[in-house]
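> Sequence:
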Amino acid sequence: MIASKPAAYRGTIRHDMARQYFEGGFYREAVVETRCAIAMNPNLADAHFDLGIFYMVLGEMDLTDQSFVKAVGLFGKAQATIDRIKSMMGQSVEVTACKRVLRDHFGVANP
362 MIASKPAAYR GTIRHDMARQ YFEGGFYREA VVETRCAIAM NPNLADAHFD LGIFYMVLGE
422 MDLTDQSFVK AVGLFGKAQA TIDRIKSMMG QSVEVTACKR VLRDHFGVAN P
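Numbered as in my numbering, the sequence shown ends at 472 without a single skipped number.
Calculated from the structure, these hints are not laboratory results.
Misleading hints may appear alongside valid ones.
Result set (SDA-like, lysine to any residue): computed pairs, CA atoms no more than 25 Å apart in a straight line [claimed, not checked]: (1) K460 to M422; (2) K460 to Q381; (3) K447 to T457; (4) K438 to T457.
Build out the structure end to end from the sequences listed, making use of the hints.
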């Protein structure tokens, strides 16, 4: 994959870094890294979802919903995931709950 799609691979690495920033409480840095990841690979559905979560923690609800809408469009036939995202739109969720969502539903390591 690296040789054939280096930008996509770098995007995945940046996305992983963003999650680590988020787990460490560096929410703005998580946003920056996720935006870089998406710029490198705009089809990273998980990155769009995570960006929405990161914006949610920062209280940026319009940007949260924009990110969630994009994620819904990219998750394809994963109806349970799409329904979960739609249920979070327009909501304000505390940091602990956001971390739990990432951990339980998207495989992020326990903080």
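> Next, verify each hint and record whether it holds.
Against the structure, the hints come out as follows:
{"no.": "1", "hint": "K460 to M422", "result": "17 Å, holds"}
{"no.": "2", "hint": "K460 to Q381", "result": "11 Å, holds"}
{"no.": "3", "hint": "K447 to T457", "result": "19 Å, holds"}
{"no.": "4", "hint": "K438 to T457", "result": "28 Å, violated"}
The structure shown violates just one earlier hint, number 4.
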